[in-house]
Amino acid sequence: MRLRLVPEETSFDFFKRAKLWLGISALMMVVGFASFLFQGLNFGIDFRGGTTIRTEASETVDVGAYRDALAVHGLGDVSITEVFDPAFEEDQHVAMIRIQAQDDGEAISGEMIETLKASLDAVAPGIKFVSVESVGPKVSGELITTAIIAVALAIAAVLVYIWLRFEWQFALGAVAALVHDVVLTIGVFSELQIKFDLAIIAALLTIVGYSLNDTVVVFDRVRENLRRYKKKDLSEVLNISINETLSRTMMTSVTTLLALISLYVLGGDVIRGFVFAMIWGVVVGTYSSVFVASTILLKLGVKRDWSKQANTTGNQFGNIDA
Amino acid sequence: MLQIDLWKRVLIWLVCAAGIMLALPNGFYTRVEQANDAAADIIAKGETPERLETAGQWPSYLPSGLVNLGLDLRGGAHLLAEVQVEDVYEARMDALWPEVRDALRPERDTVGTFRRQPGPADQIRLKLSKPEGMARALEVVRGLASPVTSLTGVGATDIEVSAEGDILVVQLSEAEKLASDDRTVRQSLEIVRRRIDEVGTREPTIQRQGADRILIQVPGIGSASELKAIIGTTAQLTFNPVVGRGSDADAAPGIGNKIVPSLDEEGFYYTIEAAAVVTGEDLVDAQPSFDQNGRPAVTFRFNTSGARRFGDYTAENIGSPFAIVLDDEVVSAPVIQSHIPGGSGIITGNFTVEESTNLAVLLRAGALPAGLDFLEERTIGPELGQDSIDAGKIATIVAFVAVLAFMGLSYGLFGLFANVALILNIALIFGMLSLIGGTLTLPGIAGIVLTVGMAVDANVLIFERIREELKAGRGPAKAIDEGYSKALSAILDANITTFITAVILFAMGSGPVRGFAITLGLGILTSVFTAIFVTRLMIVMWFERRRPKTIEV
Numbered sequence: 001m002r003l004r005l006v007p008e009e010t011s012f013d014f015f016k017r018a019k020l021w022l023g024i025s026a027l028m029m030v031v032g033f034a035s036f037l038f039q040g041l042n043f044g045i046d047f048r049g050g051t052t053i054r055t056e057a058s059e060t061v062d063v064g065a066y067r068d069a070l071a072v073h074g075l076g077d078v079s080i081t082e083v084f085d086p087a088f089e090e091d092q093h094v095a096m097i098r099i100q101a102q103d104d105g106e107a108i109s110g111e112m113i114e115t116l117k118a119s120l121d122a123v124a125p126g127i128k129f130v131s132v133e134s135v136g137p138k139v140s141g142e143l144i145t146t147a148i149i150a151v152a153l154a155i156a157a158v159l160v161y162i163w164l165r166f167e168w169q170f171a172l173g174a175v176a177a178l179v180h181d182v183v184l185t186i187g188v189f190s191e192l193q194i195k196f197d198l199a200i201i202a203a204l205l206t207i208v209g210y211s212l213n214d215t216v217v218v219f220d221r222v223r224e225n226l227r228r229y230k231k232k233d234l235s236e237v238l239n240i241s242i243n244e245t246l247s248r249t250m251m252t253s254v255t256t257l258l259a260l261i262s263l264y265v266l267g268g269d270v271i272r273g274f275v276f277a278m279i280w281g282v283v284v285g286t287y288s289s290v291f292v293a294s295t296i297l298l299k300l301g302v303k304r305d306w307s308k309q310a311n312t313t314g315n316q317f318g319n320i321d322a
Numbered sequence: 323m324l325q326i327d328l329w330k331r332v333l334i335w336l337v338c339a340a341g342i343m344l345a346l347p348n349g350f351y352t353r354v355e356q357a358n359d360a361a362a363d364i365i366a367k368g369e370t371p372e373r374l375e376t377a378g379q380w381p382s383y384l385p386s387g388l389v390n391l392g393l394d395l396r397g398g399a400h401l402l403a404e405v406q407v408e409d410v411y412e413a414r415m416d417a418l419w420p421e422v423r424d425a426l427r428p429e430r431d432t433v434g435t436f437r438r439q440p441g442p443a444d445q446i447r448l449k450l451s452k453p454e455g456m457a458r459a460l461e462v463v464r465g466l467a468s469p470v471t472s473l474t475g476v477g478a479t480d481i482e483v484s485a486e487g488d489i490l491v492v493q494l495s496e497a498e499k500l501a502s503d504d505r506t507v508r509q510s511l512e513i514v515r516r517r518i519d520e521v522g523t524r525e526p527t528i529q530r531q532g533a534d535r536i537l538i539q540v541p542g543i544g545s546a547s548e549l550k551a552i553i554g555t556t557a558q559l560t561f562n563p564v565v566g567r568g569s570d571a572d573a574a575p576g577i578g579n580k581i582v583p584s585l586d587e588e589g590f591y592y593t594i595e596a597a598a599v600v601t602g603e604d605l606v607d608a609q610p611s612f613d614q615n616g617r618p619a620v621t622f623r624f625n626t627s628g629a630r631r632f633g634d635y636t637a638e639n640i641g642s643p644f645a646i647v648l649d650d651e652v653v654s655a656p657v658i659q660s661h662i663p664g665g666s667g668i669i670t671g672n673f674t675v676e677e678s679t680n681l682a683v684l685l686r687a688g689a690l691p692a693g694l695d696f697l698e699e700r701t702i703g704p705e706l707g708q709d710s711i712d713a714g715k716i717a718t719i720v721a722f723v724a725v726l727a728f729m730g731l732s733y734g735l736f737g738l739f740a741n742v743a744l745i746l747n748i749a750l751i752f753g754m755l756s757l758i759g760g761t762l763t764l765p766g767i768a769g770i771v772l773t774v775g776m777a778v779d780a781n782v783l784i785f786e787r788i789r790e791e792l793k794a795g796r797g798p799a800k801a802i803d804e805g806y807s808k809a810l811s812a813i814l815d816a817n818i819t820t821f822i823t824a825v826i827l828f829a830m831g832s833g834p835v836r837g838f839a840i841t842l843g844l845g846i847l848t849s850v851f852t853a854i855f856v857t858r859l860m861i862v863m864w865f866e867r868r869r870p871k872t873i874e875v
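Line order of the protein sequences matches chains A and B. The numbering used here numbers the first residue of the first sequence as 1 and each following residue consecutively. The numbering used here numbers the first residue of the second sequence as 323 and each following residue consecutively.
Bound conformation, chain A alone (with noise of 0.2 Å):
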């Protein structure tokens, strides 16, 4: 007997509460993006400078102590967060302190760092610093720039890429899946104030690429199809490539999640953050590439005659033999 996530047979019609489906994303992408503008993301050191230092002490994080110890530096606002891992030991207390950039456009200086260890060491005893890193806000400044220079040519290539091998409505449908995972995306972590760093970036163009291979893979199928059934309706062909789809879109998406949970609880809590995002760049993507890139696809129409043109056309590569 086989494990089956989805009956043999489906044919759901994803398209009779289109509207609705519609609607929901585009009130989520509102809520997402409003978020982003009233509450700002979490940004990290490496997007707006300053320093972060993990600690380890063999008693429990007073944090009240430590940011009274620190307050004597006069180092501006300085957070301190208790991290908790289940893979931590009894004795090992983390916590995460993070101190706002300095005015000058370099890192904090090494003696520094010496003077506030010497300070908590005070209040706990055998403190240690088991990570220390501190960027400029020179450089942070750049870094934001970098990243959405890359978010944004990525998104570019891969509408080009689309077109190249589509119709261009294939592409405005896959871009608008694309641009709906990366705005849920930066909005769940505005909303839950998660630390945005760098390795969020790598998550988000991870997200990218795999929404789109979920939205290619339906694709594919709806050209197929669109040869096949050429007297059925546009949405009709869908619904069929969709369904017939189904069954895998649901396979991957729960192999790649299985993987990203067992990262996720086990791979301590460095990463958790940046697995977080793609689990949810997951679902999200999955739901996407059926229900905004398909929908849009829908509605924007698709050029249903393929007679004229010779029968290679949109598949340059389809005949690429193993």
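These aren't lab readings, by the way, just hints derived from the structure by calculation. Treat the hints loosely; a few may be bogus.
Restraint-style ranges between C-beta atoms, simulated for each label pair [claimed, not checked]:
1) B:L731 <-> A:E114: 52 to 58 Å
2) B:K871 <-> A:F84: 54 to 60 Å
3) B:Q708 <-> A:I149: 31 to 37 Å
4) B:G487 <-> A:I149: 58 to 64 Å
5) B:G633 <-> A:E114: 42 to 48 Å
6) A:K232 <-> B:Y351: 56 to 62 Å
7) A:I148 <-> B:A727: 36 to 42 Å
8) A:A71 <-> B:Q659: 50 to 56 Å
9) A:I149 <-> B:K793: 57 to 63 Å
10) B:Y351 <-> A:W168: 36 to 42 Å
11) B:E588 <-> A:I144: 38 to 44 Å
Beyond 12 Å from chain B on every Cβ pair, some chain A residues (computed) [as the list claims (entries may be wrong)]:
12) L20
13) W21
14) V218
We put the CB at the ideal spot given by N, CA and C, even for glycine.
Dock chain B against chain A, hints included.
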């Protein structure tokens, strides 16, 4: 139909075998690493029985390339430094000033007397007493210019001479500034590399980034401050005649002199002649040692020309003090007791042993042409790195097992084929990483885990397609064949688009993010390879032996 040429089959298996062989050393990481180090030592320092034994821990006929572990996994320090390229302009102008003076002196009749005016450090500003002689003065000073030696600045000269009223302004031309910046950064890079090599840490990464930045990553070093102590100081050593000593930092030093603070004595300043008798460039050796009172000191030796100048100067100036100046601070200012002919000497000061050792390293490696600003500093402790490796290992294994079980349950025998391909896939990723000397970072591990999840996608696409073909009533052979050929375009399109994003990540990202892009990109290549070649070959071989009438996918 389901036919694959013999040569193709051999090739596919060979690729897989090569991948496993290349990945193998990573399974015995510590042992192979020790063996490699010992082998390198034998070449560098000669054979010893212990080294031979350690090198023998790993057979030499097996590949010994390892995946580099990134700083976030191994622990170490990361610095991003910006070279203060403008520092050099000032030094160039100071060097040019005597030349300008000597060139204009014979022209006194036309240009009158001239005097250097205060102004920006990267300019020489001269006030002429006879402004009508400006044309001649411009001509003479322009005669000092030489062509710029760079590809972009063809036809340009190194200095720009212009007149502002009765002021003559000399400054470096834009083309020369560009060429000078490039030289400065390259020299700095070289000096930083030499200094780090002197300290002898393993596998440092020292790279130029952009126009004026240097990225330095040293695994295994305790902290970024330690690293900065080695590379952060310019270590410009000069020996200058002392004019006077006082406690006023703002006193007028007089033409050609400058005031520099004392290194040890707070509040004391020396007035020294700006032109040095000898500089650190004339040093051939420097070693940490102790002075006659047993305090840490640094002994040094000059090259022949430096030794002659130093000897001549000391012979002529017995009884007067001279200053040993390091980065514009007077380390000490001893009085010359006698003629020092041999060209060697000792620097004493309030050093600790560590400081004298560092200073000796710095002097040996040479001075940085310009100062460094540190824009980014990261220190990752080795414990945190080890924790991350351990967590990453467990997570990868669990992810792996979960996906294997899931595939087995969903596709039965075909799932098993996909699972073998998945294992091969991971071996191929590690093999390729070892081959290209790629770096594995923590996000890189995430990339591999993600690949585990996504690698099955290509197989899923094919298997689902075969199911559909079977449902449509095709025979097993036909269904498998159609499944592969029809799924191909979807597989290629889906993977090419993901690959595009991995390439962009690689191009735009740095450090850990780049590590992620590498594993993701390699993962896409290997998963496409295993899906369309390896599982297909396995299915075909199985099919040829069994010739089943019906198949269940």
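When the structure is checked against the list of hints, which entries are broken? Sort them ascending.
4, 9, 10 and 14
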